[in-house]
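**Student:** For this one, chain W is given, so just place chains P and R on it according to the hints.
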Amino acid sequence: MAQLTYREAVAAAIAQEMERDETVAFIGEDVAKAGGVFKATVGLFDKFGPKRVIDTPISEQAILGAAMGAAMTGMRPIAEIMFSDFLAVCWDFVANEMSKSRYMSDGQLKCPLVVRTGNGGGSRFGAQHSQSIENWAMAIPGIKVVAPSTPADVKGLLAASIRDNDPVIFFEHKSLYAIKGEVPDGEHVDTLGTAKVVREGKDATIIALALMVPRAVAAADKLMQEHGIDVEVVDLRTLVPLDMKTISKSVSKTGRLFTVEENPRLCGWGAEIVSIVVDELFWDLDGPAVRITTPHIPLPAADNLEDIAIPSVDRIYNKILDVLK
Amino acid sequence: MNILMPQLGETVAEGTVSKWHKNIGDDIKSGEILFEIETDKTSMEIPATTDGKLTKILVNEGETTSVGSIVAVIIGEGEQPPEDDIKEDTTSENINKSIESSQSDLPIKNEESFTSKKTSNLEIVIDTDAPEWFSFLNEVQTPDDNYEAFSSKNIDIKFTPLAKRLANNERVDLIKLADYFKKNNARKVNRKLLEDYISSLSVTKARSNISGKIDHVLYPEKVALNRIRRTTGQRLSESWPQVPQAFQAVEVNFSNLDKTRNELKQKYSDRDLKVSYLSFVARAISLAIKEYPLVNSCFSEKELHIASEVNLAIAVDLNYNGLIVPVLKNSDKMKLLDLNENLNDLVQRAQNNKLKQEEYFGGTYTLSNNGSMGTYMTAPIVNPPQVAIMSFDGIQKRPVIIEDSAGDTIGIRKIGVLGQSFDHRAFDGAYAASFLKEVKSIIEEFNWNSEI
Amino acid sequence: MAKKQTLKNDDINEKKRLELYNTQYLIRFAEQRAYDLFLENLVKGTSHLSLGQEAIASGFANAMQKNDKSFCTYRGHAHTLARGASVVGVLGELMQRDCGLMRGKGGSMHLTDTSKGVMGSYAIIGAHLPMAVGSAWRAQYLGHDDVATVFFGDGTTNIGAFHEALNYAVVYKLPVVFVCENNNYMEYTPIESITAVKNPAADRASAYGLESIIIDGNDADEVYRTAQKAYAKARAGDGPSLIECKTYRQSGHSRADPGSYRPKGELEHWKKNNDPITRYRERLIEFGIKQNVIDDIENNVKELVDQATEEAKNSPVPPEDILTTNVYANGGWAWRN
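Chains as they are written, first to last, in the working numbering: chain W, 420 to 744; chain P, 13 to 464; chain R, 38 to 374.
Bound-form chain W, shown alone (with noise of 0.2 Å):
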C-alpha cells in the first residue's frame, strides 16, 4: 500500500495503462510539459513522451473528435477536457457521436475511449468552472459515467475505465485532487458499475458521490456520536452502469433514503435513484426519500456563498436530523 494524493493516482493509472498498451496514448490542454493545470498528469511526458503524451490547441471539438477516429480505428486514446464545463463546447461528440456511433452502425463501429475532466466545485473558480455535470452525462444512452472518491477508486476505475470497451467519461473532482489516501501497491484495476458501502449503519442509507462522499461520512458520524443515529453511507463511484443492487441492499435494511448531490436541484443524479427506490422498492420505504442538493442556480465564485451552495456537512446533518425525528 502506498499514499497516493487523488492528483498522483490519476498519473498512476494513466501510467500502468500506458505501460501495459502500447495503443493507449494521451491528449488535452497543458496536459503534456505542464503535467495538466491541476498537475494530475504530472510525469507522464517525460515517461512516455511527446508522441503519446500530447498538448493540443485550445479545440475541444478536435479533442474529442481525434480521440473518437483514434478509438474508432484501434487506438485507446484517453481525452482531457480541462473542466467539465466545458464539455458543453463539444457535447456533440459526447451526446450525438461517440454515444450512437456503435448503434448506428449496428455494432460496427467502436469508440474505446475516456474522456477524462475537472468536475465539481469549491474551488472559487466560478460559475462556468464548477459546476457537476455528471448528471448531464448519465441522460445519455451509450456512454460510462464514473466518478470517483478517493485516491484508490481513482486509480482503479481509471484503469478499469481505459481498459473498457465503451466510451466513458471520467469525472475528477477539483476539491479532491489534494486528498490523500492508500492506493494499493502494483496493478490496480477496479470494476466500473460497483458502488461500496463506505459507512454501515441500520437507520437511514444515505447515497453520494465523489466530494459528497466524505462529507455524507462525517455527517453521519455527528450523527450517531450526538443522537445515536446510525446511518449507512453509499460511495456509488458509478452513475452508469448503476449498481442497484448495492442500493437496493441498503435502503430495504434501513427503509430511508437520503442522497447527497453536488448537481443544481432539477434532475440532478438523485432523482433518478430516488425514482427507481420509490419504484422497486416501494414497500421497503418508511419515509420519504429525500434529496440533498446544491440549489438550482449558477455557483457563485465568494468563498462564503458557494460553501453555503453546496451541501455542507451541516447542512446534511441538519436535514437529515430534521427529516428522522
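Bear in mind the hints are in silico, worked out from the structure with no lab data behind them. All clues given are correct.
Cross-link-like lysine-lysine pairs, in silico, DSSO-like; alpha carbons within 30 Å at most:
| id | chain 1 | residue 1 | chain 2 | residue 2 |
| --- | --- | --- | --- | --- |
| 1 | W | K738 | P | K204 |
| 2 | W | K744 | P | K194 |
| 3 | P | K200 | W | K641 |
| 4 | R | K350 | P | K41 |
| 5 | W | K672 | P | K200 |
| 6 | W | K668 | P | K200 |
| 7 | W | K641 | W | K599 |
| 8 | P | K188 | W | K744 |
| 9 | W | K621 | P | K204 |
| 10 | P | K234 | W | K621 |
| 11 | R | K308 | P | K65 |
| 12 | P | K34 | R | K339 |
| 13 | R | K153 | W | K519 |
Calculated Cβ distances over 10 Å to all of chain W for the following chain P residues:
| id | residue |
| --- | --- |
| 14 | L149 |
| 15 | D185 |
| 16 | V229 |
| 17 | A258 |
| 18 | D284 |
| 19 | T421 |
| 20 | Y443 |
| 21 | S453 |
The C-beta atom is built at its ideal place from N, Cα and C for all residues, glycine as well.
**Tutor:** Only chains P and R this time, still in chain W's reference frame:
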C-alpha cells in the same frame, strides 16, 4: 403499378395534386412528368418511374389525399391491373449471378447476396450483470405485491409503505391498531411504532429471523420462493402458533367402493367414466358433515360460527411450485357423479391457472389428497378460520382380518388412512373421532348405487 | 482544365478509366433508383442524393487503397457505394429492411461499412472532420500507411469543427485529406451569400498554411489525379491537403426539396453542359474505348441495381429484438444491475 402520393417533406402528411400532365389512356415513359403536387411547404413535379399506359386517375386536380395513398395507376405491357394495395409480383432473380464484362475486373462485380446479415464481431465483455428480468419496457421492476388491500377504509391513520407491509405480514388487526394509536395521539405509523405495538400484544413471532446469518458455503444455492409459496408460508406460520391442533386417523376399507366403481365403468363405458376414490371421500365428508356440523365451522375467540354451506376446499399441488386450495361450493348438494365431474374440472383448472375469482374463497372444510404420492398418513395443518382438515393418503392392498360367523379369516382388502387435524378449541377428541367414524362408515357401508 | 489527353500520353490507364466510369454510373443509377423508390413510398424518412456529384466520389474512391478510411456526411450514398459497399445493403438500409448495412438501425444518413473502410456517414455538420483527423493520428501513431479522407459540403466550412480539424491536422502533419464538395448551395441558401470568402474551402487554406486547391469536381480524371497527389503527400508524411471541388447538385438538398430557390435554367444548364457522366462517357470514346464496352458497363450496373432492388424489396423489416442491441460493446444496453 400503383402511383402513390409521395412523402414530400419529413413532417408532411398530405399532398394536393395541383396539375396533371397526362391523361387517362396516355402512354407513359419512365421519367416523364406525370403530375405536380403541392404540400403546405412546397410544390414539386413528380415523374413516372415506369413505362406503361395511364389507366386510372384517382385523385384529380385540386384534390388532396394523404401520403402513401394511390393517386393513379399505370399498367405496363403484359402487366395485370394491380389490386388495391398488393405490391407488384416481384420474383427475386438469381442473386448470386456474377456480373461479367468483356474487360477485366471492374471494382463492383460479383455482388454477394446480402440476406442474413450478421452484425460484426461483438466483443463480448460482460461488465454489467443486468437482472434477468431487464428488458425493453421493463427497466425497473415494480413490485406486484399490493398491501393496499389490507387497509381498511375506516382507518384514519397513515402508514408508511413499510409499516403497511409489516402490518399485513403480521396480520395485525387494523381497527385495534388504529384505536391504540389514536389513544396515544399518533397519526402516522412507521416501522418502529408498529413493531412496538406488535410486541405489546405479546404475540409470539413464529416467523423465522430472515436476517439471521446463513452459512453460504454450506448453503450455496438459493431457491426463490414464489408468491404462492410465500403466501402459503405466511398463513401456515400464523396457523401453527395460534391454533392448538390435534390429529386423529382411521383406516378405511375401500374395497366395497370398487363394486360401485366397476358398475359405473360398465354403465358408462362409452364415456370412459372414472370416479376417483377422492370423489367418494369428498361425498362421504359432505354427507357426514350433516351429522357433525361443528367440523364445518369457523372459530372466533368465544364462539363457534357454523357455516350454512358445505364448501369443500381441495388442496392442489402445482408441480412442486406451490399449493393452492380452490373451493367446490355447495359440494353437499352434488351427488357422486356431479361431485366427481366438478371436482376433476376444478382440479384441472387449478393446475392450468384457469380458476374463477370466487373459487379462491369461501372454503369451510379442506380435503388434502396425498394419495398419489403413496404416503401412508399425513397430519395436515388446519387452515384458519376453518377448524378442521382431512388428509386422504394412499390406498394399498393389505392383509386384513375378516370376522364372520365361520370365525376369523385373513383376506386382502384395499385399505387407506383418513387423517383429520382439528382446532381443539372448537370441539374435543370424542366429537372429532365420531366424525371420522361417520366418514368411515359412509365410505364402507353407504348404498353407493343409490347415487348413480 | 487539363490539356486534352490522348491514349499516347495517358497517365490513367484504360482499366482505371473504366472503373472510374463504372463507379460514377453505378452511383447515378442507384441514386435515381433510390429516388424512384421514395416516390413509391418504399424509402422512408429523409434522404440526401448525390445526383450530379458522382465524379468526386468516384475519383477519390478509385485513388484510395483498400485500407484507407473514408468519412462522409449524410449525403453519403455515393461515397459508400464508391468504396464497394453492396447495393443491396445500401438500398436495404434506405428502405429500412433487415438486409440493410446497419439492419435499419442507422438509416440513410448514417451509412457505414467498416469492411470497406466507410467509417460512417454523419449528420451533425462538421463533426466527422475531427474524427477523420483522429483516424489519421492513429495511422501516424501506429505506423500504418492508410490515409483518412473526409468529404463535406461548402456549408461545413463555416462551422467551428472545420477550423479545429484543419488546424489540428496541420499542426501534427497528419495523413488526412479534406475534400469540400462545393455544390454552390448550403442547404437552401447560395453559399456565397453567407460566407466571408468566395471559395469557401480553398480561400481558407492559407489560414492553415495549406495550398489553395480548386478543381473541376465534375471531371473524374481531374479529381482522380488530384486525389493521387494528395494521398502520395499524406503517405509520405507531408501532412494534410484541402481540396475544393466545384460541382452541382442536380437533386434538391433532401428529398423534400424541389430546389425552387435555384435561378431559372440553372439546373438545366448544368445537366446539359456539365454533367459528369456525360462528360466522362464522351472522354472514354475520345480515348478510343468502344461503345459496346461502355454499354456493357451500363447494362451490368442496371442489372446489378435491379437485382439489388428486388432483393431489398423482398427483405423483411428488422426483427424487434435488435431494438436494444449494440448500445454497448457487450452487445447489450443494460445500464444497471
